[in-house]
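Q: The whole structure should be built from the sequences, with the hints applied where relevant.
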Amino acid sequence: MDGAVLCFKSFFSKERGGEDALKFSNSTENIAWFNGGSNFSIDGRPLPTGLDSIILRVWTVTANSTYQLSLDCSAMSFVKGFQVLLRDRFTRTTTTLKVGETNLYAFTTTTDTNSFNNRFTLIFSTPTTLPVQFKSVKAFNNGSSNQVSWQVAEQDMVSYDVEFTTVLSTPFTKLTSVASNQSG
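In this text, residue positions in the sequence shown follow this note's numbering: the first is 1, and each later residue adds one.
A few of these clues could be false.
Said to hold, decoys possible - In silico SDA-like links for lysine to any residue, alpha-carbon gap of 25 angstroms or less:
1. K80 <-> L97
2. K23 <-> L85
3. K98 <-> L122
4. K138 <-> F172
5. K14 <-> P48
To be verified - Simulated restraints, written as ranges between beta carbons of each label pair:
6. A179 <-> D2: 12 to 22 angstroms
7. E154 <-> T49: 43 to 53 angstroms
8. N117 <-> F172: 45 to 55 angstroms
9. S13 <-> V152: 25 to 35 angstroms
Please keep in mind that the hints were generated in silico from the structure rather than gathered at the bench.
Cβ coordinates follow ideal geometry from the N, Cα and C atoms, glycine included.
A: Below, the structure is given as structure tokens:
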């Protein structure tokens, strides 16, 4: 068991500074943030912008063993407008982490060094608008206003932007953003 901390402040630097602590290797499992050729137990970073990525190194692990990363994102309220992703190079998957929660990610090592060496990257990116697959849409006038309700096939959506236009050839105007009920 080992741990590493990632801290964000607007006045921190991506370069090594007083807010950082170098990693002292253990004789057993190790985990550290990799930055500028060094491993850090504590890595202070400026607030993420655009597409930022940070390598999470794991080493001195046992082959053919299952491990679990516990990624505490409970203090990441500053990432509004960003997605926090964990990229796994070995399985070639990307997992969206839930901000405000502790995220668990199980992984298995093999004799292949790619199953642990520079396997993980934490990515901050701006989310893209995803297409929605509607299951049903109902629109009606209730006398004083129009109401629209819908059901979609997607899960884990944060919100939906409701837009309108009077003529299909003109741009849409956003009316409101509706929080998802997480049930599709």
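Q: Next, verify each hint and record whether it holds.
A: Taking the hints in turn, this is what the structure says about them:
1. Distance check on the hinted pair: K80 and L97 sit about 13 angstroms apart at the alpha-carbon level, within 25 angstroms; holds.
2. Taking the CA atoms of K23 and L85, the gap is about 24 angstroms. The hint holds against a cut of 25 angstroms.
3. Proposed proximity of K98 and L122 is supported: the alpha carbons are some 13 angstroms apart, at most 25 angstroms.
4. For the given pair, K138 sits about 20 angstroms from F172 by alpha-carbon distance, which is consistent with the 25 angstroms threshold.
5. For the hint pairing K14 with P48, the CA-to-CA distance comes to about 10 angstroms; that is within 25 angstroms, so the pair holds.
6. A hinted range of 12 to 22 angstroms for the beta carbons of A179 and D2 is inconsistent with their spacing of about 38 angstroms.
7. Distance hint check: the CB atoms of E154 and T49 are about 28 angstroms apart, inconsistent with the given range 43 to 53 angstroms.
8. Take N117 and F172: their Cβ atoms lie about 47 angstroms apart, and the range 45 to 55 angstroms holds.
9. For the pair S13 and V152, the beta carbons lie near 43 angstroms from each other, so the given range of 25 to 35 angstroms is not met.
When each numbered hint is compared with the structure, violations occur for hints 6, 7 and 9.
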